[in-house]
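Engineer: Given next are the chains, with one letter for each unit.
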Amino acid sequence: MITQTLITQAVAIAEKRAKRPGASVYSGRAMTMIERSLYAAKSSNWLIIISGFVEPVLYLMAFGFGIGQLIGDIQDGSGNPVSYAAYIAPALLATSAMNGALYDATWNVFFKMHFSKVYQVMLSSSLGPMDVALGEISWALIRGATYSVGFMAIAWPLGLVTSAWGLLAIPAATLIAFGFASIGMAITSYMKNFQQMNWVNFFLLPMFLFSGTFFPVSVYPEWIQVIVKALPLCQGVDLVRSLMLGIIDISVLGHIAYFVVMIVLGLSFTTVRLKALFMR
Amino acid sequence: MSKSVEREAVIRARSLTKKYKDFVAVDGIDFDVYRGESFGLLGPNGAGKSTTMKMITSVSQRTSGELTILGKEPNNQGPEIRAHLGVVPQKDMLDRELKVWENLVTYGRYFGLPRKWLKTKVEELLEFAQLTEKRNEKADDLSGGMQRRLAIARGLINEPEILLLDEPTTGLDPQARHILWDRLFRLKEQGVTLVLTTHYMDEAEQLCDRIIVMDKGKIMAEGSPAELIRKYSSKEVVELRFGTDKNEGVAKQLEGKSERIELLPDRILLYTDKGEALLTAILDSGLHPVTSLVRRSSLEDVFLRLTGRTLVD
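Here the protein sequences line up with chains A and B, keeping their order.
For what it's worth, this note's numbering labels the leading residue of the first sequence as 1, then goes sequentially.
For what it's worth, this note's numbering labels the leading residue of the second sequence as 281, then goes sequentially.
Some hints could be false.
To be verified - One-sided excerpt, in silico: chain A residues whose CB lies under 10 Å from chain B:
{"no.": "1", "residue": "V11"}
{"no.": "2", "residue": "Q120"}
{"no.": "3", "residue": "K192"}
Said to hold, decoys possible - Chain B regions said to be covered by chain A (calculated; three or more residues, Cβ under 8 Å):
{"no.": "4", "region": "353-362"}
{"no.": "5", "region": "492-501"}
{"no.": "6", "region": "563-577"}
No lab work stands behind these hints: they were computed from the structure.
Backbone N, C-alpha and C fix where the C-beta goes; we use that ideal spot for every residue, glycine too.
Isolated chain B (complex conformation) (with noise of 0.2 Å):
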């Protein structure tokens, strides 16, 4: 507690809700993002963690509860927090018609910075994004994670204190993902509080100071990748593939060997603090999983146990 008297909420809900007509996609959650963090929204789709970013960027507005941003009141002061703030939607959504480089001038003049100054931001923004070689080429000529790093480039044309992205690597293949997970680690480095969505529990690892784990517009859990792992799952897993057939007549031979087990479509899961020793006794039992693997728990252990459901579907 006392930890959290010393920093600054930055970001802080209460009972934030969001409503469209009957369907409710943000059902009353509370939770502070603090200056310098790095916090993720982890849930699947639909789960209210965009609906969220969007009352955050204030061109949403809430049906009920309380957002304050900076101190500020986004119902009202849209624009001030807006300048506060930069955005990574999405799918990018970059302005195709126009060069890297006229991307981030029109973006920074959109918030009314003058040309001169933008003209050495910019350069700064290209080396950052590693651009500097792709400045006169469409955006739409680039390569998805080229895309994205220019997408976030102009997210920070305004110097934002927040960084706000919206599943930041949906869509790019691994190496890419490396790329932008180390430029956003520089950010926090810089002093950067860093809010992000995502579905892929390992970006949540990898960058998340705290996360909040979201299901149909409701918080399930809340705290750092680590200490939600250990309150909510075992220390390693054991994953057994049967056959789609056979997987759910040997879960319930295996009932009882482990501290938990999970039958999924495609493989069974035992949770377990000693894995190898687990993998070991069920082999030794006479079972022959066609594939057997031992692993540490991860979010999505935890998203598992919380929502009965897994993340990527």
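Looking at chain A on its own, in the form it has when it is part of the complex (with noise of 0.2 Å):
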């Protein structure tokens, strides 16, 4: 006597989305692990949420609008005079984009591996690892897009946006913070201790500074610039500075092509290594 194996409704859903390919890795249920974000974002601490946001607002009131009243105005990448403000207000819109997206896929996703082990539970259901790296992923992204659209509700009423294509900066950052975020999980999945993460922050305080943040990257050496315009913050100033100061040319599409390249590294990387971890 063989019984009938029970269908449930989870087997049905399982069953049907099987007969695509690449099942295994992904069932198409990103979705659901934004979900289990917003319950946990409920209880989480919202200072910690909110300082995240002002730190780049701090730095355009200090260095904007304090050390911009020595400076003046000066000359934008087409030669058309503008304010020390506007001209830095781009770079910390980038930022802000990617100290929000770090947040989450670097030390929140370290304590989620090591320590409360969600995604070992999350891969025993019948979600895959790129449903996972996807998800918190695209949760990281979010907190960093809110950061810049926060910014950017405080700089467009000061005048830092010089440009109708301003507006674009808000789905440029959207991107920029998508590819810090897959970037920062990829790399968080290697790290095994403490002291590694902290590695992570040393590198990022002196990229912050030197992107072409604060002065153009034309100050450098000829060899120096290379480096650091290959560096994703540097392209990140630069793609949004040109969005709203207005400099529009091909090299926007060359900033995006970077981020694209960025995105599809770090999730493949970030599922490859979820795997590696959890599925051995």
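Fit chain to chain and form the complex, with the hints in mind.
Structural biologist: Put into structure tokens, the structure is as follows:
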């Protein structure tokens, strides 16, 4: 007597999905990870979340309007005069997006991987590693995008957006956040302890200070310029600055391509790594 | 034999092997788990129980051998297999940032179950796990027993046919264990197949219809608890303690008085079918143990016989 295998809802859903290629890695339910993050966010410390947003705003006030008074107008990329605050605002918007994305994609992911072990549990449901990767990265990018929207809400009324192209700075910031979230989670997945995690921070501060944020990259010797321009934040700063100041040329597409590659690489490495860590 | 022909194997393993680099965690084991039964993997830490569980859950790929779960191949049908399974991991692994009910809902959502459907399911499971009143507490704030019950409730959210429990009562106090056993019995009555690992022999005796005794990645014996005890041990055991430094000397004197004798660091075990009579004879011969005890044989004795070691050390 062979009894029929029970077809429960969960089974029906999984079997329907199984016909698609890649079903063992991706179930198409990354969204449920975001739902989980929303529940968790309700009880998290809002002060910490807000502080991440406030940081670039403080830089804008201190450098843009403080030191900016001493500097006066400077020339933008195409030779037009622009206030110092308007020059650094796009850079700080890009930084906002980066910070927001990295908070979740680095430290929070590290904690979940090594301490709360929630990924192991998720992977014992019918979710695949790519659902987990995409879900976590999406949540991080939402945070990054939210920070940049908040920053824009301050920069726009202050007259720091001089071109209508500036509206596109929000989707651009979202793309930047996506890129940093992907790479951030991928790198974090290789980190084994807190010391290694601190190296991430050690790298981020100089990148923030020297990526054309507060002064043009052209001040460096040629060979340093090449290195700095290859850094993701510098790419992001250039992209947002072009849009907010309305200096649109082919290089915008180059920056976009840079982030698309970053996203694909980060997502792939994270998926592979989650599989290696929790499904071996 | 005729019985096993009728029964349907929901899990089937043949020469199942898992190697991590040079270490062989599971070394070519064969077993079947039949629908509706309660199947136990008994063995000490490092015996390969958890690795076997992971391979069944299809989160760990076997190195060689065969494994099918409900006729499916874990190497490429992982998500489908997991939709049939309920998993209760060793350390609960609850989502500690979430409330009790949120733990259940989110886990159900991972399977793609609709919110509306989950709403009633969650209530039912809270009731089953006796956690209805704790629904709005953070998972982190529950007692150990409650956390384990929540982990079981979570494992049941997709209405699994097979529930896998990795050391379900490790670290729980006796009362919490009994509540848990009661819940597991109810699931079994409902027809859920239970597969559990344990290093507690009393748990295996209480819960399992059939067990495999594992050690160092291999299966040492297989059968019902009663069968195993009958086959590998005597009816009764006399436990004697003479003091750590004296046990060994006395053991030599006692040789031949029982079917078998085991000398452990802290006590001597004598295997016999007539425990009281043997104890009386020993006392009459002028030996004075510090403590003495006559008890029924247990799976612990089976394990000792099979491996020469105790289960919990």
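Engineer: Of the hints stated earlier, which fail here?
Structural biologist: Numbers 3, 5 and 6 - these are the hints that the structure violates, sorted from lowest upward.
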